[in-house]
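Trainee: Sequence:
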Amino acid sequence: MLDDFFTRAILAGIGVALVAGPLGCFIVWRRLAYFGDTLSHAALLGVALAFLFEINITLAVFGVSACVSIALLLLQKQGTLSSDALLGLLAHSALALGLVALAFMTWIRMDLMGFLFGDILAVSRMDIAIIWMGGIVVLAVLAIIWRPLFAATINRELAEAEGMNPERVNIIFMLLMAAVIAISMKIVGVLLITAMLIIPAATARRFSSGPEQMALMAAIIGAAAVVGGLFGSLEWDTPAGPSIVVAALILFILSLMPVFSRPSPKPGEMAPQASEPQKGTRP
Numbered sequence: 012m013l014d015d016f017f018t019r020a021i022l023a024g025i026g027v028a029l030v031a032g033p034l035g036c037f038i039v040w041r042r043l044a045y046f047g048d049t050l051s052h053a054a055l056l057g058v059a060l061a062f063l064f065e066i067n068i069t070l071a072v073f074g075v076s077a078c079v080s081i082a083l084l085l086l087q088k089q090g091t092l093s094s095d096a097l098l099g100l101l102a103h104s105a106l107a108l109g110l111v112a113l114a115f116m117t118w119i120r121m122d123l124m125g126f127l128f129g130d131i132l133a134v135s136r137m138d139i140a141i142i143w144m145g146g147i148v149v150l151a152v153l154a155i156i157w158r159p160l161f162a163a164t165i166n167r168e169l170a171e172a173e174g175m176n177p178e179r180v181n182i183i184f185m186l187l188m189a190a191v192i193a194i195s196m197k198i199v200g201v202l203l204i205t206a207m208l209i210i211p212a213a214t215a216r217r218f219s220s221g222p223e224q225m226a227l228m229a230a231i232i233g234a235a236a237v238v239g240g241l242f243g244s245l246e247w248d249t250p251a252g253p254s255i256v257v258a259a260l261i262l263f264i265l266s267l268m269p270v271f272s273r274p275s276p277k278p279g280e281m282a283p284q285a286s287e288p289q290k291g292t293r294p
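Its first residue numbered 12, the sequence shown is counted upward by one per residue in the numbering used here.
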């Protein structure tokens with residue numbers, strides 16, 4: 012019989028995985044891994060502001076991540092710095108500001124390692140409710156914008172020619188990213204959130220023949236990594252958050268074995284690799 016805290020951890024982790032998987036597919040297709048790092052590092056600044064103004068941590072992290080996304084868009088339009096330079100500037104500046112702000116709050120006792128690497132075993136019923144309700148909203152919005160977002164991922168100019176608005180869709184996508192980071196911070200921490208977005212999606216690509224199938228597979232693989240990582244953490248007394256990421260990494264390594272190889276998808280079945288990196292990515 013599983014303890015109550017362990018059951019809550021599984022429910023919370025699976026809730027995050029079901030959302031992070033489909034969203035992570037677009038991160039892989041668009042080569043936005045470094046953008047995910049930027050938002051996750053900015054989350055620590057949101058934690059500091061939450062303690063300073065005594066507001067909900069999830070809302071504060073979402074607000075800061077959303078502001079960083081908007082700041083990135085505005086700075087990109089100015090064109091004074093390259094996208095990767097802007098991402099590096101915003102990511103590490105926000106992380107440093109968050110750490111410095113927390114250091115000044117000597118009257119607050121907190122587990123900094125829990126924010127950096129997650130504390131999934133300490134999730135409450137309220138945390139689970141926030142994760143699942145927020146996840147349902149994110150998935151619903153993603154389903155609504157799926158077609159224009161996928162079209163803009165393949166060919167932005169063609170999407171505009173068909174009457175779509177890639178700029179608006181990109182803003183919504185960034186806000187969804189901010190929401191996922193806010194609700195998943197307690198699971199794997201601000202330093203490992205991007206791994207839960209990227210690794211299951213990268214693993215699912217090996218077994219999928221279409222974008223929708225890849226999104227579903229990524230969610231399933233992420234959920235399997237959560238369960239495997241938590242049981243591994245219980246068995247070997249290792250940190251839960253990093254153990255989940257290690258479990259996801261093991262699944263990815265297994266997917267590279269020849270026994271799991273499959274024929275390459277036919278043209279048009281999967282989102283093609285862009286000839287040039289999207290804005291906000293490393294070249």
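For the record, the hints were derived by calculation from the structure and aren't laboratory data.
Do not rely on the hints blindly, as some may be mistaken.
[Claimed, not checked] What follows is a set of in silico ranges between Cβ atoms, one per label pair, in the way DEER data are often shown:
1) R158 with F218: 47 to 57 Å
2) A151 with M121: 28 to 38 Å
3) L169 with F16: 45 to 55 Å
All figures in this text were calculated on a predicted structure; none of them were measured in a lab.
Where is the CB? At the ideal position from N, CA and C, for every residue including glycine.
Trainee: For every hint, state whether the structure bears it out.
Mentor: Comparing the hints with the structure gives:
1. Between R158 and F218 the beta carbons are some 23 Å apart, a value that contradicts the proposed interval 47 to 57 Å.
2. A beta carbon spacing of about 33 Å between A151 and M121 agrees with the range 28 to 38 Å that was offered as a hint.
3. Hint check: L169 to F16, Cβ distance near 50 Å, so the stated range 45 to 55 Å holds.
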